[in-house]
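Novice: Can you build the whole structure from these sequences, using the hints too?
For the record, the sequence lines run as chains P and G. By the working numbering, the letter at position 173 of the first sequence is numbered 173, and the numbering carries on one by one without gaps. By the working numbering, the letter at position 41 of the second sequence is numbered 41, and the numbering carries on one by one without gaps.
Calculated directly from the structure, the hints in this document are not laboratory data. Errors might be hidden in some of the hints.
Said to hold, decoys possible - Pair ranges (Cβ atoms, derived):
1. G:Ala87 x P:Gln189: 44 to 50 angstroms
2. G:Ile70 x P:Arg119: 48 to 54 angstroms
3. P:Thr69 x G:Arg289: 50 to 56 angstroms
4. G:Ala136 x P:Leu275: 30 to 36 angstroms
5. P:Arg30 x G:Pro153: 31 to 37 angstroms
6. G:Glu193 x P:Ala57: 54 to 60 angstroms
7. P:Thr206 x G:Arg289: 31 to 37 angstroms
By construction, the Cβ of each residue, glycine as well, lies at the ideal position given by its N, Cα and C atoms.
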Amino acid sequence: MTAVAERRPRTFSTSARLRGWLRNPWGKPRLLVIITWAYILWSIVPVLIAVQFSFNATRSRTIWDSFSTRWYWGDPVDSVWHDPTLRHALVQTFKLAGADVLIAVPIGVLLALGLARWRGRGSGTSNFIMLFPLVTPEIVMGVALLLIFTEVFTFVHTGTLAQILGHITFSISFVVVIVRGRLFSIGRQYEEAAADLGATPFVALTRVLLPLLTPAIVASAAVVFAISADDFVISQWLSKGGETDTVPIRIYSATRAAPLPSVNAIATIMMVSTLIIVTLGFLAWRLFTSGEQKTGTAAEDFGTAFRL
Amino acid sequence: MYPRWLWRGLALPGIAWLIVLFVVPFYAVLGVAFGTVDPILLQPVPIWNPLEWNVGWLQEVLNRLAPGGIWFDVGTRTIVYVALSLALCLLIGYPVAYYTARHAGRWKGLILILIILPLWISYMMRMLAWVNLLQADGYINRFLLFTHVLSQPRDWLGGSSSTVIFALVYGYIPYLILPLFASLDRIDRSHLEAARDLGASPFSAFRTVTLPLSKTGILGGAVLITLPMFGDYYTPNIVSMSPKTSMIGNQIDLYFHGGPQPTIGAALTVVLAVFLTILMLYYIWSIHRAQRDVGTVGAL
Chain P
1 MTAVAERRPR TFSTSARLRG WLRNPWGKPR LLVIITWAYI LWSIVPVLIA
51 VQFSFNATRS RTIWDSFSTR WYWGDPVDSV WHDPTLRHAL VQTFKLAGAD
101 VLIAVPIGVL LALGLARWRG RGSGTSNFIM LFPLVTPEIV MGVALLLIFT
151 EVFTFVHTGT LAQILGHITF SISFVVVIVR GRLFSIGRQY EEAAADLGAT
201 PFVALTRVLL PLLTPAIVAS AAVVFAISAD DFVISQWLSK GGETDTVPIR
251 IYSATRAAPL PSVNAIATIM MVSTLIIVTL GFLAWRLFTS GEQKTGTAAE
301 DFGTAFRL
Chain G
1 MYPRWLWRGL ALPGIAWLIV LFVVPFYAVL GVAFGTVDPI LLQPVPIWNP
51 LEWNVGWLQE VLNRLAPGGI WFDVGTRTIV YVALSLALCL LIGYPVAYYT
101 ARHAGRWKGL ILILIILPLW ISYMMRMLAW VNLLQADGYI NRFLLFTHVL
151 SQPRDWLGGS SSTVIFALVY GYIPYLILPL FASLDRIDRS HLEAARDLGA
201 SPFSAFRTVT LPLSKTGILG GAVLITLPMF GDYYTPNIVS MSPKTSMIGN
251 QIDLYFHGGP QPTIGAALTV VLAVFLTILM LYYIWSIHRA QRDVGTVGAL
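Specialist: Below, the structure is given as structure tokens:
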């Protein structure tokens, strides 16, 4: 009975809890709960405040007045809709991201197929080269691309074409990594079954393998859109100014000057667009892979597939 | 069943693209860095033949980076900023990843989405958010004045090292947490149970089982955020804009976008790239190994 007598009544006072956490922070994860949620709040709330101020009725980004859509379209001079520099930045960002998706995804899918199956001379080197764009600091890549377009391929010039070529260059590897992961998890049995049933190699490739790759293709398209729309360094190094400045470049130069809430507004538009596209990518991934054996929840699979 | 040339043929466009727009451009950087400068136009004159390379600019850059040189402070500052930011990222990121992987239970999916969310919010948007908060009359100063921590507004954005480090941590930590989570999530719980059954305390089980098994995630994530931090110039520019907080990346940016001497910028880029090569090779090698060992989506 001594054990029962010694057991102190469970108190819920703050000091007792605090002592409990301090004594054994790893055993019971309460301290971890606090750190985790504090981190999540810290990482997201500032962005939400920035979104809030995009709807401010006054010119201030620090003192809240009242709700207004002035900085989106109401203001006849400085709103995103009426200020040509902001409007052009939005158009340019979507133009680069769209071209990037259209070109980098097909090239990347073919490269992933090739690298996953090609055995022989050159395949090792190709695998090695393919991984480099993922780890090269962007400033190094920016310098390299700027110099190639100003010193060697001078017919390209800086501007939209150079930016598109640059974006595709850093996007291809992301597509390869995502698609190749999917290829490994599919295995070869489906194509072999198709071949046994009399399919030609072309049919096996286009009617069996390609549909199985669809989730990875959709996911990589969403990722390419997101990284292209988010890209600052390559866009800036290859921009010729003016209409070729993208939204991240506008945000960057505006924060260094005296920005208006319209900068928050254009950043909000970009953020919402990217999140919608990534969410669609996620839903498509879940739709296409439903019924397959999962290694984790759909969110986890998607999350880990998306980040290297 | 497939013709032998097929896979090589499919890989060809991608390989050709990466050679023309990734490998060749690096050679262009070398050509400019080891080239000469037109004395009148001050334009770089690249030298393509390695046998005729002029090492003068590289020596100049190395002299500037050496102790006593004009870039010595910038170089050491870059290393200190990156090291401190990395340490803070690990200090905050590890418990978050650990909790999400181990203890989040039914909240796991939601927490994971919230942790991934910042990766899909533009870096510039997240920096803009903090620039707004850190203004002289921003929420941070107002809160600190209200709670009497400060007696007058502090100039956070006027060239303070702590603001730059804070911004680097805020910017890069999501990229660290995900690989950390992936490596912690992959640890088989039976290892831990075995450790506990054999009498290990929770702490020593963590130290002898969890920590070593999450080493690949720690190293991989650390390299993944260290590389871009070393090349960062926009973060210090946004939150400080003072030469007192400038990093190596700012010098490169300055020589291309501000100064008349791309040759020195190119030589500095070569030095930076060589310095970072070891980290890059380590990361590529670890991806390679992960693909070989598991070969699934989860491994990536």
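Novice: For every hint, state whether the structure bears it out.
Specialist: Hints, verified against the model:
For alanine 87 (chain G) paired with glutamine 189 (chain P), a C-beta distance near 47 angstroms keeps the hint of 44 to 50 angstroms intact. Taking 48 to 54 angstroms as the suggested C-beta distance range, the pair isoleucine 70 (chain G) and arginine 119 (chain P) conforms, at roughly 52 angstroms. Checked against the hint of 50 to 56 angstroms, the pair threonine 69 (chain P) and arginine 289 (chain G) passes, with Cβ atoms roughly 52 angstroms apart. Separation of alanine 136 (chain G) from leucine 275 (chain P) is about 31 angstroms and conforms to the stated range, judged on CB atoms against 30 to 36 angstroms.
For the hinted restraint 31 to 37 angstroms between arginine 30 (chain P) and proline 153 (chain G), the CB-CB distance of approximately 36 angstroms keeps it satisfied. Between glutamate 193 (chain G) and alanine 57 (chain P) the C-beta distance comes to about 59 angstroms, which sits within the given range of 54 to 60 angstroms. Judged by the Cβ atoms, the range 31 to 37 angstroms given for threonine 206 (chain P) and arginine 289 (chain G) holds: they are separated by roughly 33 angstroms.
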